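Novice: Now for the letters of each chain:
Protein chains: 4
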Amino acid sequence: MIVNMSDNATEEEINHIIQRIREAGFQPHVTRGTERTIVAAVGSGGRRHEIEALSVAPGVDNVVAIAQPFKLVSRQTRPQPSVVSVGGGNSCGVKIGGPEVVVIAGPCSVESREQMLETAEGVKRAGATMLRGGAYKPRTSPYEFQGLGIEALKILREARELTGLPVVTEVMSTEDVDLICEYADMLQVGARNMQNYALLRRLATVKKPILLKRGPSATVKEWLLAAEYLLSGGNDQVALCERGIKTFETATRNTFDLAAIALAKELSHLPVVADPSHGTGKQSLIGPVSRAAIAVGADAIIVEVHRCPERALSDGPQSLDIPQFERVMRGLSAPLRPVLVPNRGPVPA
Amino acid sequence: MIVNMSDNATEEEINHIIQRIREAGFQPHVTRGTERTIVAAVGSGGRRHEIEALSVAPGVDNVVAIAQPFKLVSRQTRPQPSVVSVGGGNSCGVKIGGPEVVVIAGPCSVESREQMLETAEGVKRAGATMLRGGAYKPRTSPYEFQGLGIEALKILREARELTGLPVVTEVMSTEDVDLICEYADMLQVGARNMQNYALLRRLATVKKPILLKRGPSATVKEWLLAAEYLLSGGNDQVALCERGIKTFETATRNTFDLAAIALAKELSHLPVVADPSHGTGKQSLIGPVSRAAIAVGADAIIVEVHRCPERALSDGPQSLDIPQFERVMRGLSAPLRPVLVPNRGPVPA
Amino acid sequence: MIVNMSDNATEEEINHIIQRIREAGFQPHVTRGTERTIVAAVGSGGRRHEIEALSVAPGVDNVVAIAQPFKLVSRQTRPQPSVVSVGGGNSCGVKIGGPEVVVIAGPCSVESREQMLETAEGVKRAGATMLRGGAYKPRTSPYEFQGLGIEALKILREARELTGLPVVTEVMSTEDVDLICEYADMLQVGARNMQNYALLRRLATVKKPILLKRGPSATVKEWLLAAEYLLSGGNDQVALCERGIKTFETATRNTFDLAAIALAKELSHLPVVADPSHGTGKQSLIGPVSRAAIAVGADAIIVEVHRCPERALSDGPQSLDIPQFERVMRGLSAPLRPVLVPNRGPVPA
Amino acid sequence: MIVNMSDNATEEEINHIIQRIREAGFQPHVTRGTERTIVAAVGSGGRRHEIEALSVAPGVDNVVAIAQPFKLVSRQTRPQPSVVSVGGGNSCGVKIGGPEVVVIAGPCSVESREQMLETAEGVKRAGATMLRGGAYKPRTSPYEFQGLGIEALKILREARELTGLPVVTEVMSTEDVDLICEYADMLQVGARNMQNYALLRRLATVKKPILLKRGPSATVKEWLLAAEYLLSGGNDQVALCERGIKTFETATRNTFDLAAIALAKELSHLPVVADPSHGTGKQSLIGPVSRAAIAVGADAIIVEVHRCPERALSDGPQSLDIPQFERVMRGLSAPLRPVLVPNRGPVPA
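Listed in order, the protein sequences are those of chains A, B, C and D.
Going left to right, the first sequence walks through residues 1 to 349 as this note's numbering numbers them.
Going left to right, the second sequence walks through residues 1 to 349 as this note's numbering numbers them.
Going left to right, the third sequence walks through residues 1 to 349 as this note's numbering numbers them.
Going left to right, the fourth sequence walks through residues 1 to 349 as this note's numbering numbers them.
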């Protein structure tokens, strides 16, 4: 942490800062410039918030944080990439973060037994290796479909038995955690709950892997700190999920921050999943953007598929039907467009 | 709802839409232009999401919603402004939404009995009529101060008894609702929990008023729909709170959307509170921005005050000390700067 | 400038940075922590960009700028607020930044002689002390009305003669600068041209005051640096204009950043104008938001007024008609809503 | 265009709208719902802005645009993708939009003859087929390096002669257009000038292809309308360039909107170039993000390369050195990571 003094800071004010840095458990180091003085708080055992609050002490211009605030999720703590294992038992386990890209597919919401089972078989046939389906739905309006709850969980279990594919579903409340752990292989924290810390603290104690979606206005740093809640509480089976952020652009539902996938993998050892369905909100973009997500380093993609998107109870406009999903799957293994090779004429040495 | 067909939509595709609109409980009205056809879904009893999902039906370009999706919070439903009553009993009740502006003040977090009581007396002396103080703190990092919990609730009760001022404090989890209802006069839903629907549904059933903060990336529409969860679940004692949104600007902690206060009051009958502390994140801006909030129509302001901001365990940089808060209070009743009067020379008729 | 070395930076890498800081004209000061080393570049005569580029030198984590990059516009350079004088000669001069708030009003575009003159008289009668009107219009689409050009300039001159009010109009191109200087009292740089540096450099050489609109995605720092182009080039008659920034919110045309007005006045000595018409894009919000702008410290407001907004060739939805403008003007001098006074019962000392 | 009447609109108000729609050159079609009435303006020959302005007519709730406002850039106008030819003559021409991806590389600014020629040879050797280099630099601060101007143009010509690669460079002012046309093969409109309409109108008349960067806060629609200025003015040799937008995320310089590349190619026939250097601002992300850009459909990438980024006069932190660029080039032809294949056990029919 660096405390930048104002141009006209007095000696007394500088000494006050030096003393406060010591009180906060750091060592102060003073650099006096021709115009202004900076005081660094050095060491790792001190209390950061006490230095941050010095921004309002007399004679201080501002305080700048140097080190990253996350620890357990950091690549510096663990240079090797983590692998998150999902399923096993009566579903065939998959590894997110391994050498191959995992494709997770299924409807936004479980709407009925037939809808879910038909979709599960369809996406498996097309090449998906994990299922998704919402039982408890966070909806912007109280008048929208809120999910079938426990009935949906039972249908998801049946879909898993039928296909052998592990299942991820969203948990919205601490009160539902135990129940969902019984039925699902992986628990999703939705984007709107990324900073629901009561929920994160509860999920830090379960034995299931977590899919942690990035909030629509969360920075990469805030997203990693939300994961830090899980790891510091005891659960290190965490996959991050980029699903788009809110910006001024309205032609897509969100702005899909693909560079954040590469950045998250650079800063952290956790695997990263890409959600092109929410990331774009548009059927036609899901194919190209899924390819881009793999190219940029995503360990898995999660795609909304519905047997009849125009009849979906939620997220219809961004859901693929089965044939569309099959085409997207085929596109994932097509080679990249070639690069124009220069006319290798004589270039002077 | 309006379904816009593509330029080259076929008769069969148009007929399919007409039929689907009927199935969804609306009446279809077709308008055929020279280039394209639009089909309106008319009526109020239908299922909106079924029309929205038609955006992926063959021959459809897009679907546009016309009517606002919220009902109980709307001015159209209730043209008179609502008044939210807080406290009473052994604290003197205040009315948010009445003819006078309520000032709520206190520390970000309750840190100790002395700190809270001293601050409570100080802000009362300066003119505040409600107290704030956090017992359960949503913190970006798990390594930051998380609040004193029930101990803080007891201190808040003591501060209320000492000053006679009602108390608002944040609730982060459904599991804490009953406990906090025992101690506080008003429950705050923090910005990060604005779309924690499990929490909203639970708070819809309590007998205490709710302070609903706008999420950092929530549109005004989403904010009002979050309030709709409370009203439709049975709790109509709701005050909205604007606290700034996330934008590209980094010179302030958030971008304080003052126009949204006027807009929320135009669209809804609910009272609106302004939070200039989070809205700006900067001590020096709190005075002018509080005045602006009152000028634009806010029914209350909520300000963070700490006896020594540079020692605050949270939000120090945006907290005022007691003398600063006194100055802000005095500024609230200063007249607006006068407008230059034109030289009223002869203007030709 | 502070260069933060990586945790594992070598002595050689640190020495390289020390040497490069010297080469760039600064003095290096090294602080060695238990985990990492920081190197400060001290002094004011060095080349900042050379330090910034060190972020990619081996062993460097990142580089942090401490001091503000603007000079002539800064309050530190000139603590007294600047006053910008507009008009004089055959129009009555007004002072932006003086003790009174200046109201600038008129149509978005000059559409005809009758429209402009009628509006000019109307806004003067209602209390405006400056006129606005577009002759050259920056339009998102090439198929929209692009302004009447020189014909509009002549009409503006006539409106000024008729009312005695000085006139501001937008300049879009270096090629039009001389012509517009002949006709207008103040030249506006539109939001889309805030970083058109060729234009700024040209305007730095004229003898007329400049109204510099903030770009829709410009930070306050970038806005002040655009003004620095004008001052450093020789023109210190500059008024800043906040007109809203682009965010995810769509209920208003832009998000009006009122706190930025207070912040700009804190960082700079230049006067600040508020544009609630573009800032909100909504007739009904212009009254309350204009009051808020004055409350927060704006030195002037600029409002779009049209004799018949529904027939305006541009910006109709945000234009006021004359009677609406008269009501807004009356509202500007209404007192602020009073603050609830606490029941001053016995508070224990 | 659709005019939505308020719930309580009178017959007189509805009739006024019907008449105004006729005056604007459209045919009105009325749909009366149980709660509200909508009036569609049908036809293609009318004046859109007159319908938009009706949003402030009495009894109107809002006005919604249906059709896209751009024409010549639209895929509907020209379903075949356009190919932009750059160079020829003494440089070997390249085609942007052809079957192969073009790689454009070079320094942010031309700083000296040696720097530019060395870089040009280096990037050609690594596989680039076009050169970039700034002669006139738009800089946020007036105290930063502003480019070498005509001297840089001469050096760029020499680099082209040396390597045979065509050159793109930025034009900032109408006054420089003719000069730059003499020296460069393609003219770049920088992000900050995307809505400098005076410049666009001038460039619509030149015989050189244009690289049109997306503004940092421009929607895809606004970007395409800026291109429409060029095409409607007579220049159809236009390549769009996505270079990142401004959002709340600060870990990257901009948020690179890769989905916008796919969307622009869906809406328009123009080729799209990706700029990962500005899009991310971080050396380490340029490789993965370049691959993603190709995967999502970009026709070219433009990359900043400097022989010694830590000594660059501009954009050092995001510039690659030659060996780094060679590694990025090799990565562009590496295959995509494979997708996990499901265990194809018996799935019940």
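No wet-lab data here; the hints were simulated from the structure.
Just to be clear, a hint being listed does not mean it is correct.
Some chain A residues close to chain B (C-beta under 7 Å, calculated; not the full set) [what the hints assert, rightly or not]:
| hint | residue |
| --- | --- |
| 1 | Asn8 |
| 2 | Thr10 |
| 3 | Ser55 |
| 4 | Gly59 |
| 5 | Ala65 |
| 6 | Ala67 |
| 7 | Pro138 |
| 8 | Ala198 |
| 9 | Gly234 |
| 10 | Asn235 |
| 11 | Gln237 |
| 12 | Lys246 |
| 13 | Glu310 |
Here are some chain C residues pointing at chain A (derived, C-beta under 8 Å) [unchecked claim]:
| hint | residue |
| --- | --- |
| 14 | Val42 |
| 15 | Ser44 |
| 16 | His269 |
In the BS3-like style, the derived pairs of lysine-lysine whose C-alpha atoms are separated by at most 27 Å in a straight line are [stated by the list, open to error]:
| hint | chain 1 | residue 1 | chain 2 | residue 2 |
| --- | --- | --- | --- | --- |
| 17 | D | Lys95 | D | Lys221 |
| 18 | B | Lys221 | D | Lys95 |
| 19 | A | Lys71 | A | Lys154 |
| 20 | C | Lys221 | C | Lys208 |
| 21 | A | Lys208 | A | Lys71 |
| 22 | C | Lys71 | A | Lys221 |
Quantities reported herein were computed from a predicted structural model and do not represent experimental measurements.
Cβ coordinates follow ideal geometry from the N, Cα and C atoms, glycine included.
Novice: Hint by hint, where does the structure go against what was stated? Just the numbers, ascending.
Specialist: 1, 2, 4, 5, 6, 9, 10, 11, 16, 18, 19 and 22
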